[in-house]
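Asks: Each chain, written out:
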Amino acid sequence: MPIVAIAYFLFLFAPVLLLALGSFGESWSNTLLPTGFTWRWYEEVASDPSFRRAFVTSLQIVGLTCVLNVLVGLPLAYAIQVGAKGGVRLATRLVTLLPVAVPDLVLAFGFILVFSSDQLPWLGSFWLLAAGHLVLTLPYTVTALVADMEQLRLDEYEHAAATLGAPFLARIRDIVFPLLGPSLVSSMLTVAALSIGEFQLSNLIAGFLSRPYPVVLLQAFYGATGFACAATIVLLVLAAIASLASSLTSRLSNNKKAAAA
Amino acid sequence: MTLKYENVSFTYPGATTGIFDISLEIDKGELLAIIGASGSGKSTILKLLAGFVSPDHGRIVIDGKDVSALSPESRRLGVVFQNYALFPHMRLWENVAYPLKVRGVARSERHARAVEMLDRVGMKSRADDLPAALSGGQQQRVALARALVFEPQGLLLDEPLSALDASLRVEMRDEILRVQRASGIATLLVTHDQEEALSIADKIAVMRDGRLIQIGTPRELYETPANAYVAGFVGQSNLWQGKVRSDGMVDTEIGAFACDTQGHSSGDAVTVFVRPERVLPAAAGGEGQDAGGDRPASHFSGAVDADRYLGPIRRIDLKVPGGLIRLETHLRDAVTSVRVPADAIRLLPAHRSQTGVFP
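In the order they appear, the protein sequences are chains A and B. Taking the working numbering, the leading residue of the first sequence gets 1, the next gets one more, and so forth. Taking the working numbering, the leading residue of the second sequence gets 1, the next gets one more, and so forth.
Hints were generated in silico from the structure; no laboratory data involved. All residues carry an ideal CB built from backbone N, CA and C; glycine is no exception. Treat the hints with caution; some may be incorrect.
[What the hints assert, rightly or not] Covered stretches of chain A (in silico footprint by chain B; criterion: 3 or more residues with CB under 8 angstroms from a CB of chain B, positions within the stretch not fixed):
| # | region |
| --- | --- |
| 1 | 62-74 |
| 2 | 166-177 |
[What the hints assert, rightly or not] Going by beta-carbon spacing under 7 angstroms, a handful of chain B positions derived as facing chain A:
| # | residue |
| --- | --- |
| 3 | 87 |
| 4 | 218 |
| 5 | 222 |
[As the list claims (entries may be wrong)] Stretches of chain B that chain A covers, calculated by requiring three or more beta carbons in the stretch to come under 8 angstroms of a beta carbon on chain A:
| # | region |
| --- | --- |
| 6 | 77-83 |
| 7 | 92-105 |
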């Protein structure tokens, strides 16, 4: 077992390690490892206007996707948990999980067909890109929240609060949000990690001025090796931060669930 | 402040289970227990009163006012849930103060009232703890305090002791009764534990398949059950199928019983019902003095099939030709023959069980 784990770990991290080395290497051609040390590539990435714009766009898309996930996903998950039974539950499950099963390519073509029409000429806009990211990430939010609501026995606490005289809004404020907070944060960080790295859909539907970071990154591979490495490392660091934060908060919310159970 | 069900019926959507034509009344200060097997509809009775579901027919009346259409938050009923449902993110005093908070009571006052209520259930010293730090019995006390702090019109207890250890259950039973008596509140207790119901209820309602089969004091239920089901559900019992032979005699699969057959005519199918503690061991061959009035006791002999030592008593299954006799005795001697005094026997409507022993 440990050998398999170590081998898998190497397989996973060797490319990352090479990228990191490459991003600091002065030159890297026809050698196993790069030679020399420089900050130059990071400076170039930082001063490149299209990369700067893409970086900002990506952060905006990530933030917006998270907000939309809360606004759409939380009420949806709540409705499923409170009201849906049998067939309805199955149907909502299917609809929310479909975007995971269907290749991004199919979704992108659908977007292109629908939103390049005269009636809905929104292809290439920032908001459509955010909507696309919402569709791709919503299943994770809804599935995680519904599961957490059940595990937390949220309905029991809500019933109890109702008998104690708390109307709906008070229950949401005093019971649902405080209990669900950690799993909400953890879901959002998962969504952020997914959204930061999303390439397939973005590449096909993003407009020239609203390209997120991964799409612009593709351009880097046509230039100097060190530049490409440095640009990739930037993305990796962002993704790693989101993943790390997500697993930390999910541990926190698990502790809370253990306390509730 | 009475709680009342008037001809209430409710069936779950898409199912045939539910409750049918239930009428019940719980007076101020009274503790009514509803018992029944799982699926008998006893939890539905509680949900209807709490307001989680609305009746299809009939009315739920609290203190003279029809509340059938009101939501749970407008009914002013304290509910203690099976798992207590203490809010895990609130301190104990905040839990108890929550009903006051949603009613707009100022923080300092609700803190004072919550702590006072916690004091009444013996949990004052833990007011600043979180529920996760408490044992089951302690959570139960806090849940009780929270359900009573806003002076509700009724108290609803949903299987309140089922999550506790056996040793703690008796203690909490007395605690619940004490608090209930002190607040003089109409109380509905839903339980599957007949011993729990017998020990603390003023009245017990027995449910089966969504219908009320008998309602009465614990003593009435135990001594004069309406039918074989109640007899079998409340306490231990011997039930034998029988047929009235003549005045004062009933034939069963294990032999003839001498008993009062008033109200039955010869040839009627009946169920002969005897509590195990009323079956008396008899010295082999000896005819003891019968305390059963003018009728002689019925005698049976056989071999011991099972002998369970329970400390104060032994519970014995005596195998006799044609069936089993269950008896309970504090005597330590071997038992081979028994007598059943005539006044220990009650005749119930015939039931369809083939085994003779119920349940």
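Asks: Would the stated hint for residue 87(B) survive a check requiring a Cβ distance to chain A of less than 7 angstroms?
Replies: holds, 6 angstroms
Asks: Under a C-beta cut-off of less than 8 angstroms, do 3 or more residues of the region 166-177 of chain A approach chain B closely enough to confirm the stated coverage?
Replies: That given contact holds, which follows from 5 residues of the region 166-177 of chain A lying within Cβ reach (below 8 angstroms) of chain B.
Asks: Apply the coverage criterion to the region 92-105 of chain B and chain A: a residue qualifies when its Cβ sits closer than 8 angstroms to a Cβ of the chain, and three qualifying residues are needed.
Replies: holds (count 5)
Asks: Does residue 222(B) pass the interface check with chain A, least Cβ-Cβ distance below 7 angstroms?
Replies: Result: violated, 32 angstroms to nearest chain A Cβ.
Asks: Under 7 angstroms, Cβ to Cβ, is where residue 218(B) needs to be relative to chain A, so tell me if that hint holds or is violated.
Replies: With a closest approach of 28 angstroms, the residue 218(B) hint is violated.
Asks: Is the coverage entry for the region 62-74 of chain A by chain B consistent with the three-residue Cβ rule at 8 angstroms?
Replies: violated (count 0)
Asks: Counting residues of the region 77-83 of chain B whose CB is closer than 8 angstroms to a CB in chain A, do you get three or more?
Replies: Coverage by chain A holds here, the residue count being 5 at a Cβ distance below 8 angstroms.
Hints 1, 4 and 5 from the earlier list are contradicted by this structure; the remaining hints agree with it.
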